[in-house]
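There are 4 protein chains.
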Amino acid sequence: MKLTKEQKQEIRDQQNQENKTKRVTAPELEKILYEAIPILDHGFVRVVDYMGDDSSIVQSARVSYGKGTKKVSTDEGLIKYLMRHWHSTPFEMCEIKYHVKLPIFIARQWIRHRTANVNEYSARYSILDKEFYLPSKEHLAAQSQSNRQGRGEVLEGDQAKKVLNLLKQDAEQTYENYETMLNERYDGSVIDEKNVGLARELARMNLTLNTYTQWYWKTDLLNLMNFLRLRADHHAQYEIRTYADAMLDTLKKWVPITYEAFMDYRVGGTEVSAKGKILIQKLIKGEKITLEKSGLSKREWNELMLAFNLKDNLI
Amino acid sequence: MKLTKEQKQEIRDQQNQENKTKRVTAPELEKILYEAIPILDHGFVRVVDYMGDDSSIVQSARVSYGKGTKKVSTDEGLIKYLMRHWHSTPFEMCEIKYHVKLPIFIARQWIRHRTANVNEYSARYSILDKEFYLPSKEHLAAQSQSNRQGRGEVLEGDQAKKVLNLLKQDAEQTYENYETMLNERYDGSVIDEKNVGLARELARMNLTLNTYTQWYWKTDLLNLMNFLRLRADHHAQYEIRTYADAMLDTLKKWVPITYEAFMDYRVGGTEVSAKGKILIQKLIKGEKITLEKSGLSKREWNELMLAFNLKDNLI
Amino acid sequence: MKLTKEQKQEIRDQQNQENKTKRVTAPELEKILYEAIPILDHGFVRVVDYMGDDSSIVQSARVSYGKGTKKVSTDEGLIKYLMRHWHSTPFEMCEIKYHVKLPIFIARQWIRHRTANVNEYSARYSILDKEFYLPSKEHLAAQSQSNRQGRGEVLEGDQAKKVLNLLKQDAEQTYENYETMLNERYDGSVIDEKNVGLARELARMNLTLNTYTQWYWKTDLLNLMNFLRLRADHHAQYEIRTYADAMLDTLKKWVPITYEAFMDYRVGGTEVSAKGKILIQKLIKGEKITLEKSGLSKREWNELMLAFNLKDNLI
Amino acid sequence: MKLTKEQKQEIRDQQNQENKTKRVTAPELEKILYEAIPILDHGFVRVVDYMGDDSSIVQSARVSYGKGTKKVSTDEGLIKYLMRHWHSTPFEMCEIKYHVKLPIFIARQWIRHRTANVNEYSARYSILDKEFYLPSKEHLAAQSQSNRQGRGEVLEGDQAKKVLNLLKQDAEQTYENYETMLNERYDGSVIDEKNVGLARELARMNLTLNTYTQWYWKTDLLNLMNFLRLRADHHAQYEIRTYADAMLDTLKKWVPITYEAFMDYRVGGTEVSAKGKILIQKLIKGEKITLEKSGLSKREWNELMLAFNLKDNLI
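Residue numbers (the working numbering), protein chains in the order written: chain A, 5 to 319; chain B, 5 to 319; chain C, 5 to 319; chain D, 5 to 319.
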């Protein structure tokens, strides 16, 4: 990640603000507000605004529950209860806004989360930065043989080099031709004064999908957790997972109690089907179980055994 | 509106907070933060949190527009442009949260706005306050004869008295029977120690629709304006309009530039259909227009003439 | 439930339609299309339109998965896989529309599901039917002592009678005064020709929350399942559960494969937290577990044991 | 647009279905159901399912309005009234589903409409088709000088040729390297049996943004009109406008009455601000108007004059 001098200064200016407010604040989050956390080779994620903290969840839940809870349950107990029982609306009462720089093919996964507000940098209006994502060697993985939607072993030696070269060359070449068609360089300088440039909304189509874009992305705490649950999961593509992991850290700084409950009940938890429950009951009673009688597919069976770390039962 | 001592103290405690933050603040809104603005006889609306200000709209729009706008347009010009051309996402980048006390029949209109977050006081869990809405005399209107969905003249003398008496007696009686069924008074005291009470989730069905409820309601600036555009309109029922009017004031304190643009382009503006445009053009050219040749219904014709204050053309 | 002659005829007319279409159809659902299924004392639910069937889920998922799946997995396998792994968008590709008659206090729970389309009968515009919900004796339950949000034992003898009388009298009286204020009976007849009536939008506030309303409610299959998961659950209030149960039947007729997967993975399944997983593993290995070392609250512990029917471990 | 034999057969098979249904049908839309309407060089749009017709809007609006409207207003009058007064929910009661093939840079504009259901062809799972968009000569436009977000004159002779060559070469080369990295051709044949291929989820990043993707896209009638209003507008980028135009045709076949009202009130209509209304009133009265006293910006002034075709007043 490289920021221009001006961008760095703009960030510092925001960080040097010291405003007074009667609103609740999240002190740990304030410490990293506006800071660009580097992700991948040129990306970043930074928190640019937020609203509410753990107490806001309790506050709104208590309106919906009325007088009475105050004595019975501490904030932590209530938040854990709400999480465990899939209450949703109290977690919607907190809001957070990120500025994210990310490769376009990752932006296309991300945007599938619809309950969020987005303003993306417009390549109809402006020229995109000359930055594209190239995987580091340890993330240059082969297609998985067992899982059509996953990665296998890391590519070795020459093949890895060749792939990286192709990615680099194609990105550079298509970007250069993007500039040629625009008749303008990424820094705004005109290439040939006698010529006009192709419309920006057209020229952009020549860029490769690893070109970086950026956006403002705002969502409430519930939908942030929905996002993180899917995207910080090991099934998620590595590249989006790195963003989700960094955002998990910001979650912890923002709403630490909610973070703990989220890790326990969602991220670290598992679902068990009706058929799976019967199997687990039998295992606890020491009864024999077989795939045939379970009603489960082999894949489902193995997913269940792995969820409870019962490797001896894998088939 | 009457608040208990405790409630007043809780509001004062929140108002006395003085936190430091690097976030942007809206100074005029801070002044009335947490304050319960009285609405109708027992209702209120109060801002309990917010995120962003006018500059947040510009900031996110400029990401989506990229470098360049900074020089060309002032914030005000950009916000007006965005409003005029129905840009939506930049206005979603600000968020506000209200605590509202309101009659149930109004809550039922309000909740139809789906893009918002809500936590309502639970009458399954708690006992509702002994408060119900009774219209003041000047709002006790007869059914409109011309508009099936509107109000006509204010009721006079005896009939007004009779109506108010019926509303008051029925609300008091049904509330008292609510307590009887619960075997508990609204203050928590038990009526008959030897008896059990009906489940709260059932007893509540005996209450009338003018009973007050309360909720936390949070939405983004775009959807707040959508709400206000419909509910501060003169077609809206008076009772919800009083809430919308008070919220318009909070909008002005929060995002004054956006407020001006909203009043000019949305609240004070009008839509003209394709057929209506032709009529207006003819009027400007001094040509004769007739209902028959206009393709408009009589009602539509009159709506158009009123929109431009052309009362001589009413039919 | 009583329908007027005209209403019955309108339903029959719709049922007698026999249109040709190239769209997929759900034959079992067609059999009950438009039919009013009675719920509670005066309510009903009826399917009035639908789009798609089980095959539509597979069809859209296969676009998103591309060529290849066709050979590997049968429709059933794919639908089960999608359900197990919380895929959401393929289930959004089916849509259903209900016409529902229901008490207002239940409508207020229902409307909290925001991802749906709703048109409700307008009491600003029209007079509400003279129908209100009175619980049958076996559902007249006392407030639960252990669960503030639940029901306990059924009320007995005299108290039950008294409660039913109060509910009935108050509903009848407030409805009668509603008519008086309107100066119009529910059948449209004017009470006193010399008088004007109170505006409908005001008079309705005198009605009790057990008055019946009705609406068209349309949602996609994913959000229908979200609704049913919460509202057909035993924690849901009995009155809304009866609607959800009837709708579960329509789900089965509409998308039978999805229904089976839904019952297995959602309705009959359970979630286990990270801490809960460790306990289950220990139980399977025959190790000793204690509440103290588990990190669970007592309540959480008991919920886990009940989920796996381990009643001996209840504390 | 080229379809494989198999794809053509699949479409024919769906078109040859003849199912019976009690649901309402839209006969004109049935005629083109499943048909792939060609768009751009390789794209298409086809209606694959729908629910409801014009009568469904009236039906649900009449529930929300109750008895009474039946006599007063015809379906057409009611639909026009609803459209004119921005009623939204009745139009949500119809639903339509499209299968669309489109360049990725257009898909990225399209997906910004969030109130829709989408399943996209997965390039994590499958290999994308070897098809990319190349503009035809008459659409190869230069960047507009006056509007940073628009197109100017069409490029001439040599420059046009050069741009087309660059676009073609880069797309072909990056696609070929995509295959090389995958170690697999688009037809599934392996390139080098001794090698493994790069993971699909990575290799795709080498493709240019004019590569075609495809998806199932489903939305309700209200949100379809919101989409068309913005995307069939002359401010929209030409490439997405061609899709919107074709979809306008399907709208007309589906709900002809709604289509007429939509064209009159939305597409052909205009908004006038509070300040603009005063200007129009003055023009009608024959009074003099000046930019200075109007409170409008020059740009706003000209937009207003153009809306009413008052070209003599342009500044």
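Derived from the structure by calculation, the hints contain no laboratory data.
Any given hint could turn out to be false.
For identical chains, the list gives no copy identity; a pair is met inside one copy or between any two copies.
[Stated by the list, open to error] Below are the DSBU-like pairs computed for lysine-lysine, each with C-alpha atoms no more than 35 Å apart in a straight line:
1) 302 - 198
2) 26 - 292
3) 9 - 286
4) 6 - 315
5) 141 - 198
Taking the hints in turn, this is what the structure says about them:
Proximity of residue 302 and residue 198 under a CA criterion of 35 Å is satisfied inter-copy only: 31 Å between copies versus 68 Å inside one chain copy. Proximity of residue 26 and residue 292 under a CA criterion of 35 Å is satisfied in neither setting, with 62 Å inside one chain copy and 51 Å between copies. In this assembly of identical chains, the alpha carbons of residue 9 and residue 286 never lie at most 35 Å apart, being 65 Å within a copy and 52 Å across copies at closest. Proximity of residue 6 to residue 315 under the C-alpha cut-off of 35 Å is found in neither arrangement, the shortest distances being 45 Å within a copy and 50 Å between copies.
In this homomeric assembly, residue 141 and residue 198 come within 35 Å of each other (Cα to Cα) only across copies, at 21 Å, whereas the closest approach inside a single copy is 44 Å.
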